[in-house]
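Trainee: First residue of the sequence shown? That's 21 in the working numbering, and the numbers climb one at a time after it.
What the hints contain is simulated information worked out from the structure, not anything from laboratory work. Note that the coordinates shown come from a computational prediction; the quantities given were computed from them, not determined experimentally. Heads up, a few of these hints could be off.
As the list claims (entries may be wrong) - Taking lysine-lysine and the BS3-like style, the derived pairs with C-alpha atoms no more than 30 Å apart in a straight line are:
{"#": "1", "residue 1": "K39", "residue 2": "K108"}
{"#": "2", "residue 1": "K39", "residue 2": "K86"}
{"#": "3", "residue 1": "K108", "residue 2": "K86"}
{"#": "4", "residue 1": "K127", "residue 2": "K108"}
{"#": "5", "residue 1": "K39", "residue 2": "K127"}
{"#": "6", "residue 1": "K86", "residue 2": "K127"}
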Amino acid sequence: MSANILVVDDSPTVRNIIKIYLMNLRLSIIEAEDAARALQLLRLVPVSVVIADINMPGMDGITFVKELRANPMPQVRGIPVILLTAEKGGDLRQRGADAGANAFIQKPVSHHDLTETVRQYLPQAAP
Numbered sequence: 021m022s023a024n025i026l027v028v029d030d031s032p033t034v035r036n037i038i039k040i041y042l043m044n045l046r047l048s049i050i051e052a053e054d055a056a057r058a059l060q061l062l063r064l065v066p067v068s069v070v071i072a073d074i075n076m077p078g079m080d081g082i083t084f085v086k087e088l089r090a091n092p093m094p095q096v097r098g099i100p101v102i103l104l105t106a107e108k109g110g111d112l113r114q115r116g117a118d119a120g121a122n123a124f125i126q127k128p129v130s131h132h133d134l135t136e137t138v139r140q141y142l143p144q145a146a147p
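Take these sequences, add in the hints, and give me the full structure.
Mentor: Now the structure itself:
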């Protein structure tokens, strides 16, 4: 069974780069252009890992993580979240960690960092 990864970013370019980088992991990629759409999708589709940008219009990534962690459905509330950030400061990372994010990846996203981080949070099945 293939794992579903939800990629939440307002930039189609970033979503495409992430899809290309994750191709070798043979995952199903679901895309959302904003956090509100992502929360809708999470109620409908089982997802193994969420990759979300911190800086998005409307609901930012940190608020998104708080909403996800407050979800009444345990299978949604427990999904690992990897946040993407272009900011170098530690404050955003701390706020993200406090909200319940599992990991952070610095933009521009490195192929190696992304695949290794996602691999850590995938359900253990095939190597």
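Trainee: Are there hints from earlier that the structure breaks, and if so, what are their numbers?
Mentor: none
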